[in-house]
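J.: Sequence order for the protein chains is A and X.
Read in order, the letters of the first sequence correspond to residues 682 to 1325 in our numbering.
Read in order, the letters of the second sequence correspond to residues 682 to 1325 in our numbering.
These aren't lab readings, by the way, just hints derived from the structure by calculation.
It cannot be assumed that every hint is accurate.
Copies of one chain are not kept apart here, so a pair can be met inside one copy or by any two copies together.
[To be verified] Here are the simulated lysine-lysine pairs, DSBU-like style, with alpha carbons at most 35 Å apart:
(1) Lys1094 with Lys934
(2) Lys1173 with Lys1268
(3) Lys1268 with Lys768
(4) Lys1010 with Lys811
(5) Lys985 with Lys693
(6) Lys1298 with Lys1206
(7) Lys695 with Lys965
(8) Lys811 with Lys960
(9) Lys768 with Lys1172
(10) Lys970 with Lys748
(11) Lys1232 with Lys768
(12) Lys943 with Lys756
(13) Lys693 with Lys851
(14) Lys988 with Lys1206
(15) Lys985 with Lys943
(16) Lys695 with Lys915
(17) Lys985 with Lys866
(18) Lys695 with Lys1191
Number of protein chains: 2
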Amino acid sequence: MAQAIAHILAEKQKEISVAEFFERNKHILGFGNPTRALVTSVKEGVDNALDACEEADILPEIVVEIKNHEDNECKITIEDNGPGIVKNQIKHIFGRLLYGSRFHAIRQSRGQQGIGISAVVLYGQLTTGKHATISSKIQDDRPANLMELAIDTNKNRAEVIRSAIDHWDKPSGTRIEVSIVADYKRGRRFVYEYLQSISIVNPHAQIIFREPDGTEHVFERTTDALPRKSIEIKPHPYGVELGTLIKMAKNSKSRKLTSFLKSEFSSMGDRTTIAVCEKAGIDKNLNPKEMTRDQFQVLHRAFKKVKIMAPSTECLSPIGETLIKRSLKHETQEISPEFIITASRPASVYTGNPFQVEVGIVYGGNLPKDTSVKLLRFANRVPLLYQQGDCISTQAIASIDWRRYGLDQPSGKGTPSGPAIFMTHVSSTQIPFTSESKEAIADIPEIENEIKLAFRECARKVQSHIHKKVRRQKTREKFELITKILPEIAKKSAHMLGKPIPSLDAVITKIMDVIWIEDLIEYEKRDILPIQTTLFSEGEEQKTPSPWVTKSTLLVVNYKNRPQKFILYALIPEDAKITSIRPEPKKITSRYIKWQLENIQPAKKIDVYFELLGLDKGDFDENDLYVENINPNYVIGADKWEGE
Amino acid sequence: MAQAIAHILAEKQKEISVAEFFERNKHILGFGNPTRALVTSVKEGVDNALDACEEADILPEIVVEIKNHEDNECKITIEDNGPGIVKNQIKHIFGRLLYGSRFHAIRQSRGQQGIGISAVVLYGQLTTGKHATISSKIQDDRPANLMELAIDTNKNRAEVIRSAIDHWDKPSGTRIEVSIVADYKRGRRFVYEYLQSISIVNPHAQIIFREPDGTEHVFERTTDALPRKSIEIKPHPYGVELGTLIKMAKNSKSRKLTSFLKSEFSSMGDRTTIAVCEKAGIDKNLNPKEMTRDQFQVLHRAFKKVKIMAPSTECLSPIGETLIKRSLKHETQEISPEFIITASRPASVYTGNPFQVEVGIVYGGNLPKDTSVKLLRFANRVPLLYQQGDCISTQAIASIDWRRYGLDQPSGKGTPSGPAIFMTHVSSTQIPFTSESKEAIADIPEIENEIKLAFRECARKVQSHIHKKVRRQKTREKFELITKILPEIAKKSAHMLGKPIPSLDAVITKIMDVIWIEDLIEYEKRDILPIQTTLFSEGEEQKTPSPWVTKSTLLVVNYKNRPQKFILYALIPEDAKITSIRPEPKKITSRYIKWQLENIQPAKKIDVYFELLGLDKGDFDENDLYVENINPNYVIGADKWEGE
């Protein structure tokens, strides 16, 4: 009897093809309902187009066209000007799940799984029974290849239904045309929002969106500079799993442990490699293929006991604080926010994967005060539209006690309420999405921690900003009172006594008893750029220079009754180039200018001036100032310098 | 140049093995961090054990043992008394992702994807480099087979490292032993909660949990009755995708459209089949293999234009209202809630998959009043512990305006606050989980709608319950006032006048002017059960009878000044058997008893009595009463009968 059951059950055991699996579980890929299916299809197509262009150093020009048929059927066409796909790869890339070029490479890219675009083809076939048509051209002087594809889900392989030659004008590119069941009426708004968001974080891309009724939206590129190209790197020893280490050793060509470690991992120089072997107490000349599990385990533990340099961040392509600020400013024009603050964390590692967190907070203006703050989430320059609740960014934000920073938050947990937008961008060689639909980042403690740190930094800046504003406001009131009333009294008294009006400077300084720093930013468009006598220039990236010059004037007035001398620091955005500094600074780094201000007499002022190149109008709209060698309580308009 | 790029890119294109994919994306399977990894491993093992026992009609006895080593390594052993697995299947079931028996069958089961348990083996290997050991015995008189397995992730196949004979006492069963990196200290609580929850919704299972320190927890079975076995069914035409229809037709052995439709779909009898063909305007004798895509499309549309019977719910195994109530009562003993209300929806269909929603609300008692209501989520009798935010049940609850039902909910959206626990159970032949970790149900509109309807029904009951309570309370106060003060006045007046004390019944009825129904429930344990003169018995399922008799007495008093007659309905839990009814009812159905109460004289009362078998003590603790043919405003303790 028992035998019978196990044998009967055994007969039902069967392999499940990955295409069958996802056909059945299409909601996992983001095709759960006709609205989401529309957005997901557009998203997968555009992400692919952007990745392809990036790999070939091409400025992307992408056209998304949607035609709407009866019965909720949409025909979606996405065309790019990328490098194209060679003929014999077309059927695999578009007709096979888990097939791609980016899965095995450790570098930042939008698509990684080799699932997305073939899932769109699969979904189209499942819901409309129609085949997808792909055209691709790889060389200017040759025609494009056109293929009509069906997916055999039992085998997870494409069938080429039709193959033909197509004539295109553009030098190279790829076009996919797929019919799917979709709800255009409901989905339209999300497609538009997605395209808008993706153009914000990919300012080098031009995206054209043609709606079924013929309306055409053009999201223009705002820069001709390609984003820094991410470089492929080797895995980092921190966080590599023991099982992966063993597998790598078994597959390695190295015959010595040291050469294995040096050649297959990043950040493993001679010294570190030997330190690891010594810490593990393992002979550095062992053949990695012959090592036991226990030896690997000891080695694996030794990794964490030795200080190993952080992985190179060349594999990452963060957006950058300036661009984030610009994007947020652009996004929130109508809101006219009080201020925008950003924070960038240094690159970090989880399970061997480098990642970096950038965040921004938009505060005040017309933002509603009594609803939850709006969350904008991005991963590797792709907006995340769904599954906000389970994203680690949402959870990280919820775990901060925002009441300390002036936002409403019942019980000190959860998404806070207040007039703010919180933006998170995570870039990584591998974004740990909670599912194949790539809508939320999984709860990886290392990433959560970095997001928290970034938001805390932002929150402190928000707090200091509000604090500074309040102090300046109070001092200004006092100042205005003094400068209006005292002269009146002096004038009247002098008149009554028939004496000349006395100078009040000394009295005013005595009452004010502060150093007042006024901050003025102006922008000037210069058609012919001056020869860039760049004092500091970071990064090797190509850039079309912005025609705007940002002119910053700091008016430092001594309202104290003794001459003053102190050190003044002005923070500079990372990608700005500094020119024309007055007076001569004591030091310039990539992050700040430092002046030693000497001998400012009572009631006298000093003009501090500098110009920034490489920024657009409005990118830099307020100085972040710090002072040293003076009691910061006497300074209005700058904070205490806490060191670098 | 362009050619070069496309060709260079082509060289990087590669197939990704599904095991490699999930090794890299282990968080998708629920192994994102060492805490969750522990819970997920236990969960996958126990779910598998329960499914195996269910398939073989065996009362499950499951032992979960965890040993904790240094370096956050846990050895987990899960042993069941299921039917066992034949030798040549062991390596596939435990060592291959996407391999299983339940994916291709349309019936309710816990595991469906053929991923879970092999993912545990894969995760163990990845993090500890150790092999999993499986033992399985399929027949009493033969030894068990033991196998040590490694997974070759490049091929997604198991390697048998060791194969041996093992001696077991038990007649059959399976044991898996796997070492994983896990955080026992943090994860312990979740493992315990998971086992507790799973034993609540699987009261037929005995689960023993042995902790590393030797502590043993036994979750005893509370019933010997196996849950109704779910039957495998064919797909239902509503919601089957066009692509699937075409695929089914191409693979069908039927040569005629009619026989194809009748043999491959459920609910397709002769009449419906012909109606569909006629509506589509397609010759019913066509060979399905020769039909065009357009013909299939017309046919597909015709499905939705013809009324087709709902799919059989035999493939589903819901928990049942009584068991839900009992579980919730058990769960909330310490809270002593005011009341527990449940609602069961009829089975429905999404994309051809039958599903059914059951919900419950626990209200009041010591539950905190100013925090969000607690959500308990279950799918196919498995508790869902993570990703609450993105579960469709959470979203369905959030979309109801709970302020109307007396709960706090700022802006009428979101999870409400108040002293309540909301429980949702979805059973389906295919639960559409948002990811392979099976922690949240995707946003399928049909399922969302059913959850909403169920909770609205519950909410109305909550409202009516509160309303009834308030009315009864008010009337009781009035009643007590009258029955205390009036007799006193009468007594004093009579005494003063030297006359006998008058009867006050008529006066009291005149003032009260209501029908008062008092509800009393008692339980009696009978060692020897009476011969069950069951008046109504539903369902064919085997059951060990409960020794408890639920005795319900309804005291109906006429406090009006005229004789009264009306119809009284008492609702009965689905799985109860009714005995000993007094007076003779007019009608009994599976859901209610109906009495015609005649000629109740003023100030007189009628006792209505019935007994219920098949329930445990406390399952039925309050009557749900309705009246007809009388103004319900005059009746305290029953509501207006709205029809069946």
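J.: From the Cα coordinates, with 35 Å as the cut-off, is the pair Lys970 and Lys748 best called within, between, both, or neither?
T.: between (57 Å within a copy, 30 Å between copies)
J.: Given identical chains, is Lys943 near Lys756, meaning Cα to Cα at most 35 Å, within a copy, between copies, both, or neither?
T.: between (51 Å within a copy, 33 Å between copies)
J.: Using 35 Å as the alpha carbon limit, work out where Lys1010 and Lys811 are close: within a copy, between copies, both or neither.
T.: Neither: 43 Å inside a chain and 53 Å across chains, both beyond 35 Å.
J.: Can you tell me if Lys985 and Lys943 fall within 35 Å by alpha carbon in one copy, between copies, both or neither?
T.: Within one copy, since 16 Å is at most 35 Å while 64 Å is not.
J.: Is it within, between, both, or neither for Lys1094 and Lys934, if the alpha carbons may be no more than 35 Å apart?
T.: neither (52 Å within a copy, 60 Å between copies)
J.: Taking 35 Å as the upper bound on the Cα-Cα distance, should Lys985 and Lys866 be classified as within, between, both, or neither?
T.: between (54 Å within a copy, 21 Å between copies)
J.: If the cut is 35 Å between Cα atoms, do Lys811 and Lys960 qualify within a copy, between copies, both or neither?
T.: Answer is between: at 23 Å across copies they meet the 35 Å cutoff, but 61 Å inside does not.
J.: At 35 Å max between alpha carbons, let me know whether Lys768 reaches Lys1172 within a copy, between copies, both or neither.
T.: Result: close neither inside a copy nor across copies, 90 Å intra and 108 Å inter.
J.: Taking 35 Å as the upper bound on the Cα-Cα distance, should Lys695 and Lys1191 be classified as within, between, both, or neither?
T.: neither (89 Å within a copy, 76 Å between copies)
J.: How would you label the pair Lys988, Lys1206 (within, between, both, or neither) given a Cα cut-off of 35 Å?
T.: The answer is neither: 49 Å in one copy and 70 Å across copies each exceed 35 Å.
J.: As a check of your reading, is Lys1232 near Lys768 (CA-CA no more than 35 Å) within one copy, between copies, both or neither?
T.: neither (54 Å within a copy, 79 Å between copies)
J.: Taking 35 Å as the upper bound on the Cα-Cα distance, should Lys693 and Lys851 be classified as within, between, both, or neither?
T.: Answer is between; shortest inter-copy Cα gap is 25 Å, intra-copy 53 Å.
In terms of the numbered hints stated before, the structure departs from hints 1, 2, 3, 4, 9, 11, 14 and 18, listed from lowest to highest.
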